[in-house]
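K.L.:
Each chain, letter by letter, is given below.
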Amino acid sequence: MSTTKKYWKGIEELQETPEFLNLQQNEFAEELPVDEFLGDENLVDSSTNRRDFLKFLGFSVTAASLAACETPVRKAIPYLNKPEEITPGVANYYASTHWDGMDFASILVKTREGRPIKVDGNELCPITQGGSNARVQASVLSLYDSSRIAGPMKAGAEISWEAADKEIIEKLTAAANQGKGIRILTSTVISPSLKAAIENFATAYSTTKVVTYDSFSYKGIAEANKAYFGKAIIPTYSFDKADYIVSIGCDFLANWLSPVEHARQYASTRRVSAEKKTMSRHIQIESVLSVTGSNADKRIAVKPSQIGIAAVSLYNKLTGSSLPTKSLDGKDDSISKIAKELKNYTGKALVVCGSNDPEIQKIVIAINQYLGSYSTTIHTDITDNTHKGNEEEVNSLIEEMNSGNISALLIHGCNPVYSLPFGDKFKAALSKVDLSVSFSDRADETASACSIIAPDSHFLESWSDANPRTGYFSLGQPTIQPLFKSRQVLSSLLKWSGAELDAHDFIASVWENTVYPSTSSLKSFSDFWQKSLHDGVVIINSAQEDMNEVSIPEAVDLNKAAGIISAEAAKSTGTELVVYTKTGMGDGSQANNPWLQELPDPISKVTWDNYVMMNLDEMMEKGFNTILGQEQKSDTVEVKLGDKAVVLPVLAQPGMPKGVIAIALGYGRTAAGKTADGVGANVAGFIQYKNGYFHYNVSGVSVSESKGKYSLAATQTHHTMMGRQIVKETTLEEYKKDAKAGNEDILFATNLKTIGKDGKATAKELNLWDSFENKNHFWNMSIDLNSCIGCGACVIGCSSENNVPVVGKDEVRRSREMHWMRIDRYYSSDMNEEVAESEGIGAIDKFLKMEVPSSDDVEVVFQPVMCQHCNHAPCETVCPVLATTHSLEGLNQMTYNRCIGTRYCANNCPYKVRRFNWFRYNENAQFDFNMYEDLGKMVLNPDVTVRSRGVMEKCSMCVQRIQEGKLKSKKNGERPKDGSIKTACQQACPTNAITFGDFNDTESEVRKAWNNERKYQLLEEVGTQPSVFYLTKVRNKNAEEA
Amino acid sequence: MHQFNFRISLVLTMLIMVFFAPTEGFSQDGAKIFKGNCASCHKPSTQKLIGPGLQGIRDRWPDEAKLIAWVKNSQEFLKTGDAYANKLYEQYGKSIMPAFALSDEEVIAVIDWANKGGDAPAPAATADQANTGGVSTDSNAQADSDSYFLVLIGIAVLLIILISVLGSVKRSLETLVNEKKGIIVEPKPVLSPLQKFKYWSSQNKKIVAIASLLLVSWVLKLGWDGLMGVGVYQGYQPEQPIKFSHELHAGQNQIACVYCHSGVEKSKHANIPSANVCMNCHAYIQQGPNYGTEEISKIYAALDYNPETRVYGNNPKPIQWVRVHNLPDHVYFNHSQHVTVGKIECAQCHGPIDSMAVVEQYSPLTMGWCINCHRETEVKFEGNDYYEDLHKKFMEDSDYKKGDVFTVEKIGGLECSKCHY
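Chains A and B supply the protein sequences, listed in that same order.
Going by our numbering, the letters in the first sequence line up with residues 20 to 1061, in that order.
Going by our numbering, the letters in the second sequence line up with residues 62 to 482, in that order.
Simulated from the structure, these hints should not be mistaken for laboratory data.
All residues carry an ideal CB built from backbone N, CA and C; glycine is no exception.
Be aware that one or more of the hints could be misleading.
[As the list claims (entries may be wrong)] Between beta-carbon pairs, the in silico distance windows are:
hint: 1; chain 1: B; residue 1: N351; chain 2: A; residue 2: I188; range: 22 to 28 Å
hint: 2; chain 1: B; residue 1: K404; chain 2: A; residue 2: E1024; range: 29 to 35 Å
hint: 3; chain 1: B; residue 1: A344; chain 2: A; residue 2: G77; range: 52 to 58 Å
Let the hints inform the model, and build the full structure from the sequences given.
P.N.:
Listed below in structure tokens is the structure:
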């Protein structure tokens, strides 16, 4: 039966109006604007007729197709005079030094055809031992930053060096003659040569004084040490000799003093194996979940104002003294337990504190003295020279500037207008200085307010040296000619002080007079210089006076110190704010580096932003959105303190006490360049300057809803393992009893009578595939979850080695980040199968609750995940064009030129490690990052293809390095030595968590790791048999904590 | 007639063989050492280059010990105050012959070889063609198949003529017979050729079907070949900014490839030599046999070098050579792997460079071509510890059969990630 229903498009059709009937006859409702696109009014008069048009069309089509058939002409332009040491196609490595006011590292720079393309740690360096962190790894891209200025500038216009030099020398001379002050405001100078050059300068201009300012201050430690030892020193720490580590608000693995060194030392105490079944115990007392805190065996969350109280309580409980203190909001028991345990570790313990409050640091020194840490885990004879900033001097400098007594100010290595809490005051004072010179490489916040910018060269373009600690020297050499008309600070200062010396000669002469006489091994200075240049490092024996025997002097009144701490804590009101530095962004000096912007923060996994971190429950109470997701926008809040206010999105952060918020420094740049400007907000203004110290913990902050919505781009939006065994974990006690603890075989019930007693089998025994022997090499990778601290250096190392594009915030938000490796971070959850069963919770509720991280004492695990190079790879079987195949050496190969972009492989990958090029990320104005610019493209590794749109990509296990290593061995007629081929992630790792090698080499480290009982494969039960495997995480928890 | 054609083809083949045969072989040690060390300054004839021609050198140096000492370290030898050596030194503009780390035997081998004027032009088909042999055989094979094809076409044409002649003879004979018998043959209706063809095709549908099928296949094959040829630039022979002749340098002067292409043994790139390498010889040789000073002066212009005053200026301009061999960006090719480890001769891929005045792309450089070679080439495992165990495992493999070759394919030479990453 047919329907009689009638559908009509509109009331006009129903009524059949004449207009409608008329229109119905026409194809288009309105007359087409033919004239508009034919355009030319004289077209009718034109002598060009249709035939001509067709002729032209035919001709151009033919010409175009003929042209397409012609061989494209590609030029090859050899050197005119080839430097002897360069062979095109072969990389050269140069030892150099990285120092940017935050991170010191002796480095090895890889150059290809004269361009530096990769920075890695120098293994000869006893401090970093070949390790590096994300900021050091990324520093090579900062070299190719198009926001750097092309040459010296005055009042926004480019001038020549001659003109700049002339004006500066004239004004400096005038200032010195008039007796007016000249100041050099600099970040800590660790270069002996730069120090000498400044001395020369001060001799030439007698009114010169140096003011040291670090964006993150360690003055509290130095002053506390001064109270004890009479010298404002920062000692060095041996975490590797500590069996019991207590960190009070100190992120020593990622940000504090010398994080790479600490990470390496720390990891060495955390590794366990059949031979070494001991590990250090690490307690973290902190307010904001840091990288260090997330690695702790026990973490105690306290409010920032109670950090000092915690230190005093620990001292009291440990020594039985009764310094004035307060209660610790229910955490006093925990402190007592720690104190009890600590007593057993005299001489093997280490207590560190990240506070910049000298009173708290005094208490910490007292604790360490009581524990006998000095000269065992803390060394006062070898001092750390990298952070000597003094904010008090900066403050009085501003006063001097305002008084008009300063007529010249040179600013080097810092950006006070941006990073000072009173940056605006500094900017105002700057206008009162006649000559202000910035050495910044760009017209940043400070430089643009200066009268002249005399751009410093990038450290990869400069000669440099460093003396970061007693007895240790590092030499830096240029690896490329300056890209712009920049000149290194050393040369500028020499020039202005009238010494016409080249930087290299000057450094050599300084070394000849200072470093060389302390060494005895080499017969001539030129030999010594050559060797130092080659090695990059020089170690001389020049231990200073060891101060471990000094007892607590009368001057240090611990009672008074504790009194001040308690009084300060009592003053705390309202919400407390912690201003901290992120592992990637640091103090924001490299903010214009897209690699660092896109590096997910180890803890929050958020890229491209800073944000307000807040306790989960508190957020729920206030009705803020706690879920991160593509379509879930975060609520914004206004954080206010006095006249300073910022509006930022708010993010739920487990592990934070209620009433505390935290915001990262380094964002909200306004003049750093196109990548950094406008990302996040600057919170330097919240740093409190009190009694000559910067305080990064602030109370009395108000947080109010600002009714805004904001999209944060996070790479991980689910936070727990939902009861699955993705990261396997056990405790040290369990591990001692049974090495396979926490890593029990997963058995499947089968009906096969042949397997086992009752037909139960492991995934490996159940197999559809034929076995296959890897005759030559069998490349395997082991990742020790006990060593991995989650810092993210490997991610940057991988991006740098493999030309991984930066995609920008919007694409990351759409889960289209291209990083070949990610570091998964999982929080513990209070809900698990057993609890659900005992409480009778249904399946849906159970899983919903599983996704909520533990409210208190949250535990964190990190797991780096890259392509697992499955030997029974699910991706390979579904590719319709065989673009992903398996090699005889066990690698899962990805062939870009064969890929047609069906994405079946990514869908079938259980590990979700495949990345699809949704766009062409290179030479595309929409992705205006380093791969769009000629300059930024210079960082690309020429041995790795730059992928185009529509193809899949993934970790190749650095196959280019494998091939290079194999070729080298073949040429030498030998098998590759274990460890001679390293993947980029392995090389970048500061803790040696990643081991790579040939499984067929029975002596190889990776083979040994395979035989470790802690070994397991990710999602073993899927039967993919990956070549990448993990070692169980072991926590040193005692019985009641476990 | 057939025999006649065969004879022609035979003669053609011989001619081509003679034409393509290598002019010289160079397998003796003396020749090799000479090319590696001496050829840039000396010729194995009486002709002078930077240094004197070496033919008859024994007559000039009666004392062989002195000669050896002179060759090994000329500067040291000059200090002995030898009159003849000092005379030579003065005569050749005080250009210093570098010291060579050669053994006495090697120096003697060079002198032996050069004294007799190098290799006398070798007869065409001697067994002594070790190095260029592979190439010449290939070109002979190519020439052979070409000539056979021509012969076949010739035969076909002759057969067609024969058939038509026989046909017309048959028709005339039939007419004659019919006339004799008095049969009057009605003249056939006059049809246009097109109508004839239509009529014929309607009567012979099977033939038409087969012919159409063949025609379509042929057109498709042409199209396929055309498409497969897109991006293949075999025979590409661009004009270079300087008319550098490999025929002269590598052929006549026998400068070893590695002398200029110094990266070939250690890098992925063979390297186009930098201009300072040219100047090793052309600081002295300012005139060439082909273009006089014209082309050589372009090197000087690039370096801003004044040959009269021998002074370098400060306005050098790089030479923009045109790349002859272009691989796509997604291909990783490493010369040192093939030359140092694989011990492949340059000529295998680059062809008879020593006879090319202007270099052309000799091989197709297609992936199929690479893969074929990887399938066929045996791994040079002897004396290389890297391959020792691997080769043993290959031999012990249960699938191994006698006659199996340990080819590059067997160790993964066809895998994607060997060349694409």
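K.L.:
Between B:A344 and A:G77, does the beta-carbon spacing fit 52 to 58 Å?
P.N.:
Check passed, 56 Å falls within 52 to 58 Å.
K.L.:
Against the range 29 to 35 Å, how does the distance between the Cβ atoms of B:K404 and A:E1024 compare: consistent or not?
P.N.:
33 Å, holds
K.L.:
State, for the Cβ atoms of B:N351 and A:I188, whether the hinted interval 22 to 28 Å holds or is violated.
P.N.:
59 Å, violated
The structure does not agree with numbered hint 1 stated previously, though it agrees with all others.
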